[in-house]
Amino acid sequence: MSLDLHFLLFLLLRMAIAAAFVVTASIITERSGPVIGALIATLPVSAGPSYVFLAIDHDAAFVAQGALASLPVNAATILMCLTYVVLSQRHTLVVSCGSAFAVWIGMASIIRQFDWSLAAGLAANLIAFGICIPLLARYRHAKMPLVTRRWYDVPMRAALVATLVAIVVSTSSWVGPRISGIIALFPVVFSSIMVILHPRIGGPPTAAVLANSAWGLLGFGMAIAVLHVAVVWFGSVAGLCLALATCVAWNLTLWGIGRRALRRARPMP
Numbered sequence: 001m002s003l004d005l006h007f008l009l010f011l012l013l014r015m016a017i018a019a020a021f022v023v024t025a026s027i028i029t030e031r032s033g034p035v036i037g038a039l040i041a042t043l044p045v046s047a048g049p050s051y052v053f054l055a056i057d058h059d060a061a062f063v064a065q066g067a068l069a070s071l072p073v074n075a076a077t078i079l080m081c082l083t084y085v086v087l088s089q090r091h092t093l094v095v096s097c098g099s100a101f102a103v104w105i106g107m108a109s110i111i112r113q114f115d116w117s118l119a120a121g122l123a124a125n126l127i128a129f130g131i132c133i134p135l136l137a138r139y140r141h142a143k144m145p146l147v148t149r150r151w152y153d154v155p156m157r158a159a160l161v162a163t164l165v166a167i168v169v170s171t172s173s174w175v176g177p178r179i180s181g182i183i184a185l186f187p188v189v190f191s192s193i194m195v196i197l198h199p200r201i202g203g204p205p206t207a208a209v210l211a212n213s214a215w216g217l218l219g220f221g222m223a224i225a226v227l228h229v230a231v232v233w234f235g236s237v238a239g240l241c242l243a244l245a246t247c248v249a250w251n252l253t254l255w256g257i258g259r260r261a262l263r264r265a266r267p268m269p
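First residue of the sequence shown? That's 1 in UniProt numbering, and the numbers climb one at a time after it.
Do not take every clue at face value.
[Claimed, not checked] Here are the in silico distance ranges between beta carbons for each label pair:
#, residue 1, residue 2, range
1, ALA238, HIS141, 35 to 45 Å
2, ARG259, ASP57, 36 to 46 Å
3, VAL95, GLY256, 12 to 22 Å
4, HIS141, GLY256, 34 to 44 Å
5, ARG263, PHE114, 17 to 27 Å
No lab work stands behind these hints, which were simulated from the structure alone.
Built from N, CA and C at the ideal position, the CB exists for glycine as well.
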């Protein structure tokens, strides 16, 4: 088997694995409601496979440097969400999504110009989330109409994630860890939520899903910081596992807090 054919087959296998992962997550999300769906959406559904395959192809130092570049990109993602949530209350999908994507691309272009330290990346997240979470709070509650899944919804999400994995894997060797880390955090899941749900149920209900994702996305940023530190100390496998455990533990904590708040809010019989 030629080297090129071997690479192509291995790349297709990686894309298929990533697609299967996002299909499973998408089905669980659709059956769980907006709050649980938002928590699942902030798990590393798209970035996770990208980083796993980066760890297979590169050493721990490469993964650590990529995570360091990804950390401030997480702040760009919450600013993208805020842009969409505010504009989608009154504007069309094209205006809302187009503006949100422009914000993310603009922020990512600025981020790639600098060498980020862990402290600077964490500070960027704290500032961005400190501003965005209070502003998003008023948009978290909206009447959610029944969503009928179309035949192309899940394949489209799977194709987006598979494409992202293909780009990261095939370009990482020549673009380096910084650009790879930025590409790996392109918000595929949030993008698919906007594109799929907005035309079907309207802007405000779609915005509610993203607004509920803010706290989960903050935990995702913490997981990226854990990944950066852990891969240096314990290696890529342990670092990836600890980062995933951070995401899961954070979202389970959010879910538990929400459940307790709901019980207290219910009137006594």
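Practice prompt. Any hints from earlier that this structure breaks? Give me their numbers in increasing order, please.
Written response: The structure breaks hints 3, 4 and 5; every other hint is satisfied.
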